[in-house]
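2 protein chains.
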Amino acid sequence: MANAKFDITGIGNAIVDTLAQTDDDVLAREGLNKGGMMLVDEARANALYNAMGQTTVISGGSGANTIVGAASFGAKTAFIGKVKDDAAGQEFTHDIRAIGVHFTTPPAKDGAATARCLVFVTPDGERTMNTFLGACQALNANDVDPALIRDSAITYLEGYLWDPPAAKEAFIKAADIAHAAGRQVALTLSDSFCVDRYRAEFLKLMRDKKVDIVFANQHELRSLYETADFDTAVTAFRNEGVLGVVTRSELGSIVVTRDETKSVPAFPIEKLVDTTGAGDLFAAGFLAGLTMGKDLADCARLGALAAAEVIQHVGARPQVNLGNLARQNGLLP
Amino acid sequence: MANAKFDITGIGNAIVDTLAQTDDDVLAREGLNKGGMMLVDEARANALYNAMGQTTVISGGSGANTIVGAASFGAKTAFIGKVKDDAAGQEFTHDIRAIGVHFTTPPAKDGAATARCLVFVTPDGERTMNTFLGACQALNANDVDPALIRDSAITYLEGYLWDPPAAKEAFIKAADIAHAAGRQVALTLSDSFCVDRYRAEFLKLMRDKKVDIVFANQHELRSLYETADFDTAVTAFRNEGVLGVVTRSELGSIVVTRDETKSVPAFPIEKLVDTTGAGDLFAAGFLAGLTMGKDLADCARLGALAAAEVIQHVGARPQVNLGNLARQNGLLP
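Residue numbers (the numbering used here), protein chains in the order written: chain A, 1 to 333; chain B, 1 to 333.
So here's chain A without its partners, still in its complex pose (with noise of 0.2 angstroms):
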């Protein structure tokens, strides 16, 4: 396999995050699933924003919170995803590029609003999310450009890509232009409820070989095998014969492949404020560590460091240089 000029290239949906401190109680006036991520169409996004107190607002996008966690650590990374061309989009081009992500993907000159997502956080740190996709319609397979996908170790792929519909086929593009160009795909399932939209589809880019290393938490993975059984769920993952990677919270995480299982705790902290981006940075951290060549284990060790980090304060993208933070633990030389 030829050097890659980019380690990581990441597709995903491009979104500004908008977070609040809020009750549980507001969640049930508002018919809102704790934990979860809803789309909302512009009219209920106003309608929620208003529902919502002081906000904070970060650059968001699971894989591009992903793709910056992973330039945070030292990786040399790209970022296709669709903005248009407001406030919000510029804030989310200035914020990716700041940390040196390469990211051309043109904005949008019309049509809707850079997406946005409303992000509902209760006393327990725990998020639920409710996102506006506008601009990201409009992703598609011509945003993809094959050059720099065979110039990437690895391409990331969000589950989320399913619910814009043009953007799947960006996603197959990318995955078959990588993989003849002999490089790794790598594929979040994103949410519990976007693996219940999209189910048979994940499982058919497993199947298919369409994806080599798949992302999943633990309701997520229950999801996918519609089971509410732990073990049983991991077995039948195990035998896809992908690298599978399943996080726990606070359970730590596990790293299967058809032939062995590694177990690695979680990263302790001292306070939990926000969830908000934790599986995002775990990605993150494990995929750069992959492009180090570090081993399983301590792929999902810098995994469980970076989302620590990120859980500790308000918002999905990391405060600290993730790199300086790996070596401060000892986990990089």
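Simulated from the structure, these hints should not be mistaken for laboratory data. Careful, some of the hints might be misleading.
A pair counts as met if it fits within one copy or between any two copies, since identical chains are not told apart.
Unchecked claim - Capping the alpha-carbon separation at 20 angstroms, the derived lysine to any residue pairs in SDA-like fashion look like this:
id, residue 1, residue 2
1, Lys271, Gly252
2, Lys271, Val320
3, Lys210, Ala141
4, Lys173, Ala28
5, Lys109, Ala87
6, Lys34, Asp231
7, Lys76, Ile213
8, Lys5, Gly182
9, Lys209, Arg258
10, Lys209, Leu331
11, Lys210, Ala147
12, Lys76, Gly53
Since the structure is predicted, the reported quantities are computational estimates derived from the model, not experimental observations.
Chain A is already provided as a structure; the job is to place chain B on it using the hints.
Coordinates of chain B only, in the frame set by chain A:
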């Protein structure tokens, strides 16, 4: 004095903050005065934005932060300030209303954009601010609703209002209306560079009895009296005949009148993250305490509590209900 419909009405620059973690060498490279606030034009603001890393966007504005903080303690509050009807202006408006502040200043329909403050936060938690005043330049005496000021026990004014030319008239108009109605007027000196720009006018405000309560930090107070010696400055301050409140970061605060001095320690913190808003939130707690009839030392304790909350996270608005926090700490019944 008649009962007031509002406890505190603030008049200030309506600003949205864009904060980024940064290193000291960025400050040096960009020629920024660490810990201070500089006014910048739009071109300079854009250049500085491009020099910032990953950002967090949170409503700010010194006086607005204070009013939001007082509301979080349970005070009945209102705010007068000028935004444009753009994305940032809508965010500012949403956020200040979300906590129950009465805010009805009509937004500018054209002209400059809503004000932005680019805040560089260094690893020591210190913040260095660069403000593009934008729509704040349009605030004028017509925006001061006499009935609102007459209905407010305290009118709170920020020294930064001396920067946009017409806001000064709004300030004086409000102070005169408040006093004619038997109300109190409070002023914060805002920033030592601001004091340097308007020293004579700030001294005249006190000596002409336009203000009754004055907040300053130790740097602002030394600048006001052009002395390096803190005790000399305090003695001069005491002789102005106002209720003087001086904050000294980790050294706590002192409250001085012609007759007495009260010293109150800083509230202990676990980890300093970002000092943005420390002085604003101190004033919030102090004023909230005053309107609840607390004695001066207890007012300062409420100020210290609010300042401690806000410096332990990014941004100048509280992330918890300050009334609840005060009750948990035995400072409110």
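Intra- versus inter-subunit Cα pairing at 20 angstroms for Lys210 with Ala141 = Classified as within: same-chain Cα gap 16 angstroms, cross-chain 66 angstroms, threshold 20 angstroms.
Lys173 and Ala28: within-copy, between-copy, both or neither at 20 angstroms Cα = neither (41 angstroms within a copy, 46 angstroms between copies)
Up to 20 angstroms CA-CA - Leu331 versus Lys209, copy category | Result: close neither inside a copy nor across copies, 32 angstroms intra and 62 angstroms inter.
How do Lys109 and Ala87 come out at 20 angstroms by Cα distance, when the copy is not named: within, between, both, or neither?
-> both (12 angstroms within a copy, 17 angstroms between copies)
Given a CA cutoff of 20 angstroms, do Lys271 and Val320 count as a within-copy pair, a between-copy pair, both, or neither?
-> Both ways: Lys271 and Val320 sit 16 angstroms apart in one copy and 14 angstroms across, limit 20 angstroms.
Taking 20 angstroms as the upper bound on the Cα-Cα distance, should Lys209 and Arg258 be classified as within, between, both, or neither?
-> Cα proximity of Lys209 and Arg258: one copy only (14 angstroms, versus 81 angstroms across).
Is it within a copy, between copies, both, or neither that the alpha carbon of Lys34 lies no farther than 20 angstroms from that of Asp231?
-> For Lys34 and Asp231, the Cα distance exceeds 20 angstroms both inside one copy (24 angstroms) and across copies (55 angstroms).
How do Lys76 and Gly53 come out at 20 angstroms by Cα distance, when the copy is not named: within, between, both, or neither?
-> For Lys76 and Gly53, only the inter-copy Cα distance (17 angstroms) is at most 20 angstroms; the intra-copy one is 37 angstroms.
Evaluate Lys271 and Gly252 at a C-alpha cut-off of 20 angstroms and name the case that applies: within, between, both or neither.
-> within (16 angstroms within a copy, 26 angstroms between copies)
Which holds for Lys5 with Gly182 at a C-alpha limit of 20 angstroms: within a copy, between copies, both or neither?
-> Classified as within: same-chain Cα gap 14 angstroms, cross-chain 71 angstroms, threshold 20 angstroms.
Between the shortest in-copy and the shortest cross-copy C-alpha distance, which are at most 20 angstroms for Lys76 and Ile213: within, between, both, or neither?
-> within (19 angstroms within a copy, 55 angstroms between copies)
When no copy is specified for Lys210 and Ala147, does a C-alpha distance of 20 angstroms or less occur within a copy, between copies, both, or neither?
-> Within one copy, since 19 angstroms is at most 20 angstroms while 68 angstroms is not.
Hint violations for this structure: numbers 4, 6 and 10, all remaining hints satisfied.
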